[in-house]
Structure formats: structure tokens, C-alpha cells
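First to last, the sequence lines map onto chains A and B.
Using our numbering, the first residue of the first sequence is number 100, and each one after it goes up by one.
Using our numbering, the first residue of the second sequence is number 1398, and each one after it goes up by one.
Honestly, the hints are just simulated from the structure, not real lab data.
Cβ atoms here follow ideal geometry from the backbone N, Cα and C, with glycine treated the same way.
Some clues are possibly wrong.
Derived Cβ-Cβ restraints for the label pairs, each shown as a range [unchecked claim]:
no. : chain 1 : residue 1 : chain 2 : residue 2 : range
1   : A       : 249       : B       : 1660      : 50 to 58 Å
2   : B       : 1493      : A       : 246       : 50 to 58 Å
3   : A       : 244       : B       : 1690      : 46 to 54 Å
4   : A       : 248       : B       : 1660      : 21 to 29 Å
5   : A       : 249       : B       : 1684      : 48 to 56 Å
6   : A       : 245       : B       : 1515      : 52 to 60 Å
One letter stands for each residue in the lines below.
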Amino acid sequence: MASYFARRLLLMIPTFIGVTVIVFGITRLVPGGPVEKELMAIQSALAGGEGGAGTTMVGTELITDKLRKQLEQSFYLDKPFYEAYLLWLGDVVRLDLGESFATKEPVWTRIKERFPISLTFGLTGFILSYLICIPLGIAKALRHAGVFDLATSIVVFVGYSIPGWAIGLLLLVFLAGDKYWDVFPLGGTHSDTFASLPGLAQLIEDPDVVVDANGELVREKMSLAARFLDRTYYMILPIFCYMMGSFATLTILTKNSLLDNLSQDYVRTAFAKGLAPMRVIFLHTLRNSLIPLATGLGHALSVLMAGSLLIEQIFNIPGIGLLGYNALVGFDFTVVMGVLAINTVLLMFGNVFSDMLYALIDPRIRFE
Amino acid sequence: MERDENAAKNPDGAAGDRAPLLSVRDLATYFRVEGGVAKAVDGISFDVMPGEVLGIVGESGSGKSVASLSILRLIPDPPGHIARGEIRYGGRDLLKLSYQEMRSIRGNEIAMIFQEPMTALNPVFTIGFQLIETLRQHHPQMSKQEAFERAVLRLEQVKIPDAAKRMRDHPHQFSGGMRQRVMIAMALCCNPQLLIADEPTTALDVTTQAQIMELMLTLRARREGGSIILITHDLAVVAETCRRVIVMYGGKIQEVGTVDQIFSSPRHPYTIGLLESLPSAQRGKDRLHTIPGNVPYIMDLPTGCKFCTRCEKVIDRCHQEEPELHQLKNGQLVRCHLVEDEAVKVSGDMPSTTTSAPAP
């Protein structure tokens, strides 16, 4: 088994190279690029400033030539494709993702600052969906084909059929705007004062301390509970949208898996031994039913990079999704490659981790 | 006409006045299916005497497995339910017990072995866990250590080598025969009075079959009064192990007799057909006899005799009127119009056994 996982880990290397070579190649093939974008910006700035006279053209050429060289070096754009790729790969191996074209900050810093947001949304969504879907799936299996089962199936599948961002828009229109019910905030991750929630003021420990001279609330002095509630309040709608998609899959998987196992011979044996139904269902059957679900757990690793461009856009959440998207349209290739590299590594480890869990939970599985 | 009680020789050599361990009366188990009710078991009565090995034979779909599951009330409901009847055990009617009381009997006083050893054990738990679980279910005061030792002892009794070590193994690490041994060890771990073995050897190799049967019989012999109901379609197994046989077809008992009676003078055409389907050395190289047709689908059972659609000796009456169970002079019970002249009708609520069981 150890040798199997050693092989799996080694196989990650070619997989990583495969994925990154393709995207690296695409960055080379697309028309335009970071250099062109930068130069355009400078040119238009110069043209705007000097009124577009003939002499300045030469000056611009000179500046741009120098700038171009400088810019090209930062992403090895002056090197041939294979050489540039190898150089980039070498940097990545040394854990250096380079510098963002747009902000001149290290790519790592830009990604790192998004981690808390991804982690909050990713982990909450992940845990919530397991916490809700497994009990729901069990309840559905035990009431198979009953009213409860059919009703929840309708809800779950309607949710599954509508993309998260579309639900997000609907929710915003109905629950957050002032047109219908103004219950939830329109977007963001927390309120400025951390006191948006009705009734939150009571949670503020001592009003004299948390209010500054101008009578404004000071967020650093808010109680932890108040901050937590405030963030929770902002998270409800986007989390709901994040989860919609995985909801149906997980619930139905749990239900079918449990139903399937309930009709197995070993369940009859367990009943014939005189065991209580609760023990038969929740120990004997559930343990077997959770095997297919456990495989998904490995991907919990990816919550670090969780993000959805459209949902983040709608709810104005500065997450990884938005970062990646903005980097892509802004030709910020170092950031694009950085996000990709981290995502790929997390996903690959997630897969191996899933297989390990699989072997751990199901004694019949032994990898050779 | 009076029924000759003495003619019913007790085939087990047990004292004729001993009360049966289990007596089933007019048991009917129905399943709600699309388009009606499937009468899988439709009014069967029989006794199991202490120490007896009782065989129940019949083709697939004859209702023998459903009958055995009904005794432990293991029929999945829905779609199935026990429509009527009485199952007397230890002075109580199992069908009237509360669910909790029934659970204390399952695996403890009446245990069961199933056909598929490959799937009858839970794949994710060690066999030690599954054995100890059964013991501690019925003996909550038993310490873990005690239960472990008892489980190891049972594994040794079913001749599993290295028993203590194998307690930590999972079912997939055992062969089919070994798994059936584990099943037997598990069924016997609480010293049940009655063991119901539903096709215990069907899924095994012929060589393993013999070992498993022998094991079941020797383990039973060690204990006073332990009885076995052996459900099988294998007449050879019945001939070797049972004293008394019940032949089922279409959810009803068709014939009951001692093994000698059934094998040497079968009277029901179905029993005769079953026996003729057995390959034998004497018969030479002729084509093997088969009963024509298939077991009818449970919803399409004929109105008259259940076997009339396949019977070689069928008469007009068979199609209209279902025969009652009749007792022959030698004690054999047969449900066939053709024996009615020489037999006495057994009334519906009378025990369909060769021993009379006084109702407790």
C-alpha cells in the first residue's frame, strides 16, 4: 500500500507539468499580453499629456523599447516558450510564484490575502452541506417514496437545476434590495461597523469603549460574538448559493447508498441477531453507506482555494474566483499561473487523500 | 373415522408425549405487490420437536424461506406481513410478542443462518466485532474480555484455525466456507434452542457442504434439545441429515413424512417428481427426469391444487378444488386428491405433523 501511494505521489509530477504546460502555452498564444497592455496604458497617458506631436512619437518609442525589455524579463517573455516554461517551473519549485504585473506585489501575497475568505466560505459550505445532506439523505431513505421524500426531492432538484449565481440574483432582488423585503445585506463580507444586524447592539459589551470620540463604533473593540454574528449575517445568502449545486448530489448519494445497503443480506443478519433497529441502521448500514461519500472528503483540501467567479461578483466578495478572473482578463499571467499551480497541487493531493480515506474506511480496499 | 394417533410413530425417537419446541399453526405470510396480494406462505402448520432436525424442501418460490423468516418476524414490512397464524414457542405466541421481546429471542433463543455467506456478514466490521456484538446484545452484563473468549471458543468449535488471531480479520479475508463457519459460530454463540438454517450450503462447494452440515449436526448433538430447521432444495442433504421432511409447493405444505417415507414411498406427485429429478447411479444414462414447466409466478397460482398445472396425474377435480391435507395409515401427510380414499382428512387447525401437539 505504501508503494502504491508513493507511486501516486510521483505521478503528480507529470500531471502537474501537463496541466501547467497547457495553460502556460495558452498565455503565449493569446493575442495581447501584459506587455502590450502596459505599453498601451503608458502610450495613452503620454498621448493625453503631450497632445500627440511628431517628436514625442520617437520619445515614446524609446521609452517603450526600454520598458518592453524590462517587462518581458519579469515573465521570461523574452525567452523561447520551452525555456521560459522551465524557468517558471524552476521558480515554482523554489516556491517563488513571481510578481503580479498589475500590482507589482508577489503573487503569493496576493493569493494569500484571499485565503481567509476562501476558507470561510469553502469550509462553511463544505461542513454545512455534509451536515445537512447526510441527515437529509438518511431521512429520505427511511421514508423512501413517502411525502417527505418526494417533497424534499423536488426542492433539492429544483435547486440543482438552477445555477448558484441565478439563485443569488433572485435572492438579492427579493431579500436584499428595498423593493421587496430588506432582510439581508446586498454584498460584502461584513459591515463597516460590524453592527449591521438588528439587535447586535446588545452584544456590544460596553458602548463607551467601542464608540470613539465622533460617536462611531470601533470594530476592533467589538466583542467576538458580535463580529462573528455580523460575518454570519453577510454570509448567509452567498453560502446558500455556493451550496445549492452540491446539495442534490450529496443528498441523493447518501439516500441511494443507504437504501442500497438496507436491502443487503448483512442487514437481515444484524436484525436476526436481535440488534436494535437504530444500531442496525446507524452503525451497520450507515458505515457502509458512507463509503462513497468519504471519497469526497479528500477534496476538503481545496477549500483553501474555494471560490466562484459569478457568486463572488454578485455578492461583491473579494475571493479567489474574482482574483483569478481579473488576472485573466487583465493579462496578469503570473497570477493566473500561480492560482493554477496552487489549485492543481491541492486537487492532486485531494485525490490521493480521498483514496487513502477510502482504504481507511473500507477494509476491503487495498491498493497494490 | 378416527385419526390413528399411534400410527404416527415419532420419527426422532423422542418420547411421543414431549411438547414441541416450536409449533406453527396456520401461518400465512402475504406480500402486497402490484396487482394484488402474493400469498407466499398460505396456512402452514408444523411442529419442531426438541432435538429434531426438520427438513423443509421445495423449489425456489415455494415459500420455504418466507416461512422461516416469518418465524423470527424478519419479513420486511412493507411489502410483506404475517396475515394470520400462531407461532408457539416456550408457551408464548411469537406473533403476539412486543418488538422488544421478539428482539430478545432473535439470535438468543432462535438463531438463523442464511444462504449467502459472502454477503451475510457486514463487510466493514471484523468478525470479532460481529460475534462479540451478538453476545453482548443478549448478555449485557458480560465483560468484553469474557465475550471475546466466548467468541474465540465458538470460532474454535467451528474449526477456524488460529481463532483468536482471526477475530481481527474482516469477512473478505475468509473463504466462502470459512465465512459460513463464522455465521454458524455467530448463530450458536448464545446457545439458541432452535437454529434455522436457510440453504446453509447452497452457495458452497460440494466438499465444503458436507463439512458444514457435519459441523452443524455435531454442534447440535452436544446440546440437549437443540433443534434445527433445515431449509433446502437439496434432497441429498435432507436424506443425510433429517429425520422428518416437509415438502412445500405454492406456499402450502404438500407432503410430510419421515425421510424413509418420503424417499421410499412418496405419495404426492410433486414429491415423486422431485425425487425422480435426482440423478442416480442405477438409472444409468437415460435423460434425467424433470418436472414439466416452471414454478408458476406467485400471483398466477391455480385455483385448485397448486401443482395441477405441472402434475402428470392431474384429474379434472384438481383444477377446481384444492385438496386438503390427508393422513395416511403410516402417519404420512399428503395433500392430493388421489390419496383421499385411503387416508383421513386432517382438519385445518390440526397439526400437520406426525406427532400430536397439545396446545399449551
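Hint check results:
The hinted window of 50 to 58 Å between residue 249/A and residue 1660/B holds, with their beta carbons roughly 55 Å apart. Range check, residue 1493/B to residue 246/A: Cβ separation about 32 Å, and the 50 to 58 Å hint is violated. Residue 244/A and residue 1690/B have their C-beta atoms about 35 Å apart, which leaves the hinted 46 to 54 Å range violated. One distance hint, 21 to 29 Å for the beta-carbon pair residue 248/A and residue 1660/B, is violated here, with the actual separation near 52 Å.
Between residue 249/A and residue 1684/B the Cβ separation comes to about 55 Å, which falls inside the hinted range of 48 to 56 Å. Against the hinted window of 52 to 60 Å, the Cβ-Cβ separation of residue 245/A and residue 1515/B comes to about 32 Å, which falls outside the hint.
Taken one by one, the earlier hints fail for this structure at numbers 2, 3, 4 and 6, listed in ascending order.
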